[in-house]
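From just these sequences and the hints, can you work out the full model?
If you're matching them up, the sequences are chains A and B in order.
Reading the first sequence from the start, the letters are residues 1 to 353 in my numbering.
Reading the second sequence from the start, the letters are residues 1001 to 1353 in my numbering.
In short, the hints are calculated from the structure, not lab data.
Heads up, a few of these hints could be off.
What the hints assert, rightly or not - Residues from chain B shown here face chain A by an in silico Cβ test under 8 Å; the list is partial:
hint, residue
1, Ser1116
2, Gly1256
3, Asn1286
4, Leu1290
5, Pro1301
6, Thr1303
What the hints assert, rightly or not - Derived pair list, reagent style EDC-like, types lysine to aspartate or glutamate, alpha-carbon separation capped at 20 Å:
hint, chain 1, residue 1, chain 2, residue 2
7, B, Lys1232, B, Glu1221
8, B, Lys1254, A, Asp73
9, A, Lys254, B, Asp1031
10, B, Lys1076, B, Asp1031
11, A, Lys226, A, Asp97
12, A, Lys76, B, Asp1097
13, B, Lys1076, A, Glu309
14, B, Lys1206, B, Asp1229
15, A, Lys76, B, Glu1309
16, B, Lys1076, A, Asp31
17, B, Lys1345, B, Asp1097
18, A, Lys222, A, Glu336
Computed from a prediction, not measured in an experiment: that's the story for all the values here.
Where a beta carbon is used, it is the ideal one built from N, C-alpha and C, also for glycine.
2 protein chains.
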Amino acid sequence: MASQSDSSNNLSLNTIGENPYVGETPSSALDSWLTPNSLFYVRSQFNYPDINDEEWSLKIISSKNSKNFNLNDIKKLPKRTLTVTLECAGNNRADLDPTVSGNQFNNGAVSNAVWSGTPLNAVLETIDLHKNVIEILFEGADTGATSEGKDPEPYLRSLPIELATHPDTLLAYEMNGEALPIEHGYPVRLIVPGWYGMAHVKWLSKITTLEEPYSGYFQGEKYVLKYKDGTKSPVQEMQVKSTITSPSNNMTLKCGTTNTFKGHAWSGRTTIDKVEVSVDRGQTWNLATLHGPTESYSWQPWTYQWTPELTGEHRILSRATNKNGTQQPSVSVWNELGYQVNGIKSVSVQVVE
Amino acid sequence: MASQSDSSNNLSLNTIGENPYVGETPSSALDSWLTPNSLFYVRSQFNYPDINDEEWSLKIISSKNSKNFNLNDIKKLPKRTLTVTLECAGNNRADLDPTVSGNQFNNGAVSNAVWSGTPLNAVLETIDLHKNVIEILFEGADTGATSEGKDPEPYLRSLPIELATHPDTLLAYEMNGEALPIEHGYPVRLIVPGWYGMAHVKWLSKITTLEEPYSGYFQGEKYVLKYKDGTKSPVQEMQVKSTITSPSNNMTLKCGTTNTFKGHAWSGRTTIDKVEVSVDRGQTWNLATLHGPTESYSWQPWTYQWTPELTGEHRILSRATNKNGTQQPSVSVWNELGYQVNGIKSVSVQVVE
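Dropping the structure here:
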């Protein structure tokens, strides 16, 4: 029979934490535009909930009325498919100096998948949305204590009404053509294209209209940028960023031989304008070639050809600029909880004769 | 633990033939824009070849010189990613009347995946392409006898030089973010966007430049449209077609309740201009809504809302028109080997009180 030792099928997630399980996409799978379900990074606040197919329903609650949707009700609504990159707000946290507590992610808490579901607005349209509604609150079926000794509470996050009713905000029930795996929110999760992972509430159980802003634990205490000067701001849209997926760190390259460097770049709800590569520690920059799919909400593949002419250690850097002109920063802005770590990260290579 | 009886993960291919294995995508998976690797239809001429990773290489042979590429050599070339729908030339063969021999496919010999590889032209550029070269010949590592008593021979197909050097003709080594599964041509297959499946040669082993047209068994005898009037023509680009994936045949619908019909439409290298739906056996037609991704080479999802007002049997029909104005025919053109079966296919529903 065929041996497939070279195949990515044998790969698995790099475990970062247990109870709840947290895993990063392995480096060798970050090269692909699409991430297979089994290699898509996993981050949850609590253990996976028990979902009973017969009993499960999604409750929609407004001040005037409420409705229940089972999975078939949701599947009967108009279907929408989008390719969306998700990045954990704590991706690359391990790069911060001084270090901060939390899951020590390297660069694998980011993945890309094709999501299908119905626009959230298709269910919101079935209830009477009062004109005073300013936010929509989402509750997951997963529960736990947010600190020791506390009573268990569900995972809760809200979205502003404008974003909640946007046609690209989805109640997703399919991931890469399959039913959502349990670790990715079976049977239905929220997809908020361009926002960090914490907004894409998994295992959705309840949706409530709000006439006042929500400020619970996962919005008021966690997922807040707490800067050194005492200022704070909420984590929302994914910031402009690029990664180098090839070469890997400490790889040996041959002098005079052409090498193809590869990577991805992304920037929330904005597309990528350009990616530049430096092989001299950031003194000079050259344009990389953008190729493959260019979609609103999914990462942009890039390549760069380099023929080294000098032996010794070289540092390869990449930086992305989005269509609004915002450039990836040279250094990440340190913050207490370690979010939005999007500074330029170099890869070291050894060039030999 | 979570029960996922509703999940598509439990599905498998509908077996159409064995030795070599032939399987159709099950109806319930045809609804998804992206087909998971495990549910992508399988059609081969011969049994899967033995591939030895260490020994495998792709030979490129021209009249002047030849080259060998191993998998790493190919992966170092520029990478390109495309979402491409593949349809077997014999899809829907079972619908022909009078019946013809061959695999009796219903409507599941069509699937959609994200393919990554390098443009074929990236390897052609490394050899000296003589100006007299008019075709490129592709050889698979799979072999067998094309009729009883004959010696085994490899699967061979050619492409015109213009199409072979097109930047979207790929040497693909990834399918939906994973290494190609063995049944889909591991380690490298040809992807010819918009052409029927037989052109996408699997398990590529040899590529040869030709200065005369190729007319071997799989091009001169098989994959030829042989019409009743004696005329013949080669099977090449996928013809304009649409399918209804929901409702399923003989489903019961409730009078006065709104139903969402769903399906896909595709047309070779041309995008879809419109899909129309008829609920009165083709007397009147109404526009369906196109939604989700609109890509050059992948099928186009469509939906249509219908509220039945009369009880009894109804027939639902869909027809696609491509951007060139070519409309899906009402009736497939019968041909001896049963290819290009793209006539309108109705779905019957029972409407009850």
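Restraint check for A:Lys226 with A:Asp97, where alpha carbons must lie at most 20 Å apart: Since the Cα atoms of A:Lys226 and A:Asp97 sit roughly 15 Å apart, the hinted pair holds (cutoff 20 Å).
20 Å Cα cutoff - pair A:Lys76, B:Asp1097: Roughly 34 Å separates the two Cα atoms, so the pair is violated.
Closest C-beta approach of B:Thr1303 to chain A relative to 8 Å, hint status: holds, 6 Å
A:Lys254 paired with B:Asp1031 [C-alpha distance capped at 20 Å]: At roughly 49 Å apart (the allowed maximum being 20 Å), B:Asp1031 and A:Lys254 break the hint.
Pair hint outcome, B:Lys1076 versus B:Asp1031 [Cα-Cα no greater than 20 Å]: Not satisfied, since the Cα-Cα distance of roughly 36 Å exceeds 20 Å.
Given pair status - B:Asp1229, B:Lys1206, alpha carbons within 20 Å: violated, 37 Å
Distance restraint between B:Lys1232 and B:Glu1221, which requires alpha-carbon spacing of 20 Å or less: holds, 10 Å
Holds or violated: B:Lys1254 to A:Asp73, with C-alpha atoms at most 20 Å apart: holds, 14 Å
B:Lys1345 paired with B:Asp1097 [C-alpha distance capped at 20 Å]: Answer holds: B:Lys1345 to B:Asp1097 is near 13 Å, not above 20 Å.
Straight-line alpha-carbon gap B:Lys1076 to A:Glu309, limit 20 Å: OK: B:Lys1076 and A:Glu309 at ~19 Å, within 20 Å.
20 Å Cα cutoff - pair B:Lys1076, A:Asp31: It holds: about 12 Å lies between the C-alpha atoms, which stays within 20 Å.
Proposed proximity, A:Glu336 with A:Lys222 (alpha carbon, max 20 Å): Roughly 11 Å separates the two Cα atoms, so the pair holds.
Of the numbered hints listed earlier, those contradicted by the structure are 2, 3, 4, 9, 10, 12, 14.
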